[in-house]
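Here the protein sequences come in this chain order: G and R. Under this note's numbering, the residue at position 284 of the first sequence is numbered 284, and the numbers go up by one with no gaps. Under this note's numbering, the residue at position 254 of the second sequence is numbered 736, and the numbers go up by one with no gaps.
Hints listed in this document are in silico derivations from the structure and should not be mistaken for laboratory results. Any given hint could be a false lead.
Distance condition first, Cα-Cα at most 35 Å in a straight line; then the derived DSBU-like pairs of lysine-lysine [said to hold, decoys possible]:
1. G:434 - R:647
2. G:359 - R:647
3. G:111 - R:699
4. R:527 - G:434
5. G:434 - R:505
6. G:34 - R:841
7. R:816 - G:157
8. R:841 - G:157
9. R:924 - R:961
It should be emphasised that the depicted structure is a prediction, and the values quoted were computed from it without experimental measurement.
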Amino acid sequence: MNVLRAIPLALLGLPCFAQYTIQRATSPITIDAKLDEPAWRNAPSMGDFTFNWYQAGDKEQTIAKMLWDDENLYVSWYVRDKHISAYEKQRHGPVSKDDCVEIFIAPNPEKVKNYYTWEINAIGTMLNRNRSDWYTLGATWEPDGVEYRTTFHGAAKKDEAPEDDHWIVEMKVPLRNFSRDAAHTPPQDGDEWRLNVNRIGGQTNRQLSSWSPIPPPLTSFHSPEAFGRVVFAGVPAPQPRSRAGGRRIRFNAADAKAGGEIYNRSCTMCHGLDGAAGDRAPALGAQRRYLRATSEELFDAIKNGIKGTGMPGSPLPPGDVGKLVAYIHSLRATAVDLDVPGNPANGQQVFQAKGGCVKCHMVSGRGGILGPDLSNIGAERSLAALREALTAGKPVPPRGFQPVKVTTVAGKTVEGIVKNQHNTSFQILGLDEKLYLLPASQIKDMQYQPKTLMPSGIDKSLTAAEFQDLLAYLSRQARSRR
Amino acid sequence: MKLWTILFAPLAFGQITYPDLLKPSPNNWLHYNGQYHSQRHSLLKQVHTGNVKSLVPKWIYHVDAARRLESVPIVVDGVMYFSNPNEVYALDARTGREIWRYERQPALQKGPNRGVAVYGNKVFLGTPDAHLVALDARNGSMLWESKIAEASEGYWSPAAPMVIKDKVIMGIAPSDHGLNGFLDAYDVNTGERLWRWHAIPRPGEPNNDTWAGDSWKTGGGGTWLTGSYDPELNLLYWGTGNPAPDFDGDVRKGDNLYTECIVALDADTGKMKWYFQTTPWDVHDWDAVEIPILVDTPYKGKPRKLLVQGNRNGYYYVLDRVTGEFLHGTPFIKELNWASGLTAKGRPIRVDGVIPSLKGTKTCPATSGATNWMSPAYSPDTNWFYIVAQEGCGINTKSRDTFRPGGNSFMGTGYIESPEEPWQMFVRALDVTTGKMMWEYKQINSRRYAAGLLSTAGGLIFGADDQGFLTALDARTGKALWSFNTGQQISSQPITYTIDGKQYVTIVNGSNVVSFGLVE
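Okay, chain R solo, but in the shape it has when bound:
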């Protein structure tokens, strides 16, 4: 009977409920970052430090149309859902066999797409034409679609949605076009918009005066990654993107709130409870959208609800997530020249002159950032925070740009890799409360962003690189225990799941989904 249950339980479509999302079975992977707290730590331990060297590919699913997949698969009771821009695929997670696919017509070509969310019997997808689409999880039929914003103005929706209670939380990617960002909640059943939080305060609202003149009108502040959620506090935590124009701060003097912030919003109303700005008056395009991880652990001897983030500006931040109070911040990269430290309130102490210039200014980290969209991980077993870090610098230039509607870029020029401080990728483990580096793993010859990280109770950290390798590291030592060349650059985040009592580890590379399991 037990065998029957495992091997032949009809898949529980329509059964993903809010309690499931609150406490996902470790056999499933229900959120972009595993769970609402975004720790990307799986309790699965069939694959562990002792046997990971026996990990072998079990199946590969190839996506013909893919250019560079960045989707993180969702796994629900043996069915895997993942996306390509305008497309969703449902696969048998045991075999990689396709069950159905959805193709949006006509397909606006703008990428990437970072994944879907699943709730009830629905799959939710953001699209390049800035719509939120709900599909029937059983056959891919479109149930409803809701326009988030005008694609012709330059808005698009690359982020994986997040479902909380009966709401789909959805961000937007507008910043580099000088469009103002927001975060939305939609009714899961109808697609009706329930609330919208505006990332840029309008005249009469608090902090509109952090923008000189009318500069708030083209202020930016995208929400292009997925955030985290604390069900007890009923607070959503989301990072916001850069101000616009990205590199020319002269035309937008002030702190430019709420760009480059971590904000806490009431999940029912979208009202902001607190904000913490990592880079006031950013001129380096250091979006603060990096995944905020929620951790409950003693801080200076007292149990505390923490929020930690490795920011693109090079600092690792520890906040009290109840109040937004800054507790601690320290660089997680060695080359950082734009600030000499943080004040007691966490505000950076800027180094004079490290701002973009007409001739170019050396800036460390580069605009590509000390880290970026690749998800970090946290292991409660080690109490360490794991992050993908980029060392190196950029040369940043500025120009005087004019906002042009219609999705034109509004950047105020850009950056290049510094010829003298070329980029180098690392995986680093930090003590979660102090940010002290415990170990690092240099990804030799990897210079560009690739995959995020996955932590497992098997004592492993899975990471990947721009050369196409998926690698398992010992979570305590950073020693590489296993590696596999998938043959193509990886720009997604690893996940793990169990079906039929077998643990799989899955990575999406440029045009394939590759699922690994122990050799049998």
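Isolated chain G, as found in the complex:
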């Protein structure tokens, strides 16, 4: 138990300080003090501010929101205010005498006394303080790359006016500013920080309010022990932009093996054996968007069934369900996740010599260019897909590898593969490994070849051991992830 978290609050008799989950930004955010992006509209408010040292006057509320993405933390304040005034123009000047908002952030929940402040008045003057133990020089600091805007940004001054109703502050802070203290940069799902968000009411109705309550005897916003808890959440699964960026599912091989036995015993009344399609239910070894993908989804589906389908909940103990999940992951794993048996060094020899693969395929900068580069193929394909590509081949040539024979108006013949094509022009990589860029007007005849250049039945031209070694070699081709 964290001492700072537990004891002072117990002493103060406070049930709990404020909590908030910072969601991922769902759309790009422009820092313009407008808050009109869908991301802000969808973001939940942090909740009502507490007027810690209230005596009299209007309790004007503040709607604060926070968001994050891989690079930035976003904070917004929508400040209800009938008397808006600000005069401080000096960087790091005493902005708190004006209408002003603040955020104090402690990125390490174990060290709340190490915190950083952003204090911004209505005309956009900012003060940044730090109260950290390692930062010994100066009471102010220069955060890196912060962008912010206020409703009255840049004005020489803001006098109170009859039409005053509200003002807005929108800020973006690059997460690298917190890398010294934070557990992860960018944060990971579930990371916890401590912070407070404050507001000061300016000359008229100078109320002091904060998101996380600051109970007596504390008398200052600079009370990190009362900072609220924020948790970073909503990390979407990384969306692969290419197959090379595909997600890696981790599983325990022993569990997967045990799970396979349970699976073939318990699930094959509907699903097929070994992950194939069954009479009444889909193939679980497939990569289909509608199939449950995460461990949690799979576990829930097995344990509780899937409503509206024939999938029942299972009476198996949770340990066995976990093994089933591991097994299903293994069915969907990429080849590099499996310890494919065979001798990879011999497989490399086969790749380069007897198999003839290197004539068309490149691995780590060596080989031909007519076929796809296989340097990362183990991380892109399942073992089953690798085996299938080597044995059965593809029914139709994949995009970018369509073989073609072209006769030009000038009578020349080019054979190769189509990298790109349109009614108006063709980009062809010749069998001679040269590129031919042909306007349609130069083409007299064009014959698409029905089959890919990739031979099938590789297994038949190799011994069983050679083929297994080749699989072992290819399955291990995965560029190291930094």
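Chain G is already provided as a structure; the job is to place chain R on it using the hints.
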């Protein structure tokens, strides 16, 4: 047969050789700045002052993932290569159709990237995670990668590489994080590092004493743009970036060599032959990385090998590039308040008090600079130097910063645009030896940096602006002859090439490559 050759020559992959790089065919665009001398002057003249008004867009290639492209395309025999951070695209330069693309995984998000270099059958790219990557020019396969520096320390590599003989010359961008800069050479075939020139001398090396105390350790001196090369002298010319912390000079008294310098390095060894410092003890973040243009022209009646640079500090410099001797310097902007002139050796005569202060000091030019990364051009036809200039001032403040490792900024505070002297962009033509302004073209309503310049034998200067317009100016008069709204801010440099006997002019805007040709 001739038709066949033009229309159907298989593209000469693997054929870009060192002699090609020395004397590029004008039909290609083989270097970031056209040729090793960086003049950005093309001999193509199918498009000229008389017909430029008939220039029309021929194709547009859109990059979905782009935020703000700053890449300068390379064109090799009808194939165009350009970059987005972590990405390279190969296009059919006739049609804008994609041939292949490379995407680096995982992609560290840090930008921009200013382009690639091509040599043999390889394409070279610097990355946000400070690697140099070699791709197969025919299909984008990665051939090798070499770590230049630790990205986690804050290093990154936005510059377009340059290939000389069998070496890839590559700079680094570290200055604003308090990291020391360097310039590297890598083997084109293996990625092995062959030499490294350190921009900040270490203890025991000459000029380390231009740094007070230990301040050299966090000295800066980035090399974040591409330089120039003189094959006869075998000298590389590169500009170096600002000292760190940028705005607080109190903690680094001294001239802070070799920040804010133009240096000449032996291309084989990386050994420094000479240096010329434009802004000793800079406190305004006026990186001297601007493109040095190499010009052979009579100076005061005698033929001379010159190096000229329009510097971010507001001065136009003329140097002897054999010796580094300062020959001449004159402001190319009207508002300049930090120096009252240059000494006979080219050292600025500082105006007292024009240094950043806690409350802010008006400084002209602003830290954004009298010019910046946008490439200048030189036309041998006019013997004029063409530059994008920013008039206006900034308010510079300072604070006491502490170096924090891990890529944190180490700036000692910053600057804002002066409310009384707002910024305004110009294209200016200067007499190359005297720096005398021959004409200027005001880019009305353009206040921020945008594109660099391209000169052509058609008597044209192509420039662009932050409002998205590509504009052709008459190189002799500065009169605008043609303009096209590409619809998005431009932050790249125009290029030109020929394929199938047709000249194209290409500009990269925020997320598109737009290629123009004469209407048919």
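Here's how the hints hold up against the structure:
1. Restraint check: the Cα-Cα separation between residue 434 of chain G and residue 647 of chain R comes to about 24 Å, which is no more than 35 Å; the hinted pair holds.
2. At most 35 Å may separate the alpha-carbon atoms for a hinted pair to count; residue 359 of chain G and residue 647 of chain R meet this at roughly 29 Å.
3. A C-alpha spacing of about 30 Å is found between residue 111 of chain G and residue 699 of chain R, which places the hinted pair at or below 35 Å, so the restraint holds.
4. Proximity of residue 527 of chain R to residue 434 of chain G is assessed by CA-CA distance (about 30 Å); at most 35 Å being required, the pair is judged to hold.
5. For the given pair, residue 434 of chain G sits about 23 Å from residue 505 of chain R by alpha-carbon distance, which is consistent with the 35 Å threshold.
6. Restraint check for residue 34 of chain G and residue 841 of chain R: satisfied, since their Cα atoms lie roughly 30 Å apart, inside the 35 Å limit.
7. Restraint check: the Cα-Cα separation between residue 816 of chain R and residue 157 of chain G comes to about 32 Å, which is no more than 35 Å; the hinted pair holds.
8. Among the hinted pairs, residue 841 of chain R with residue 157 of chain G is consistent with the structure: their alpha-carbon atoms are about 17 Å apart, no more than 35 Å.
9. With a C-alpha separation of about 10 Å, the suggested pair residue 924 of chain R and residue 961 of chain R falls inside the 35 Å cut-off, and the hint holds.
In summary, this structure violates none of the numbered hints.
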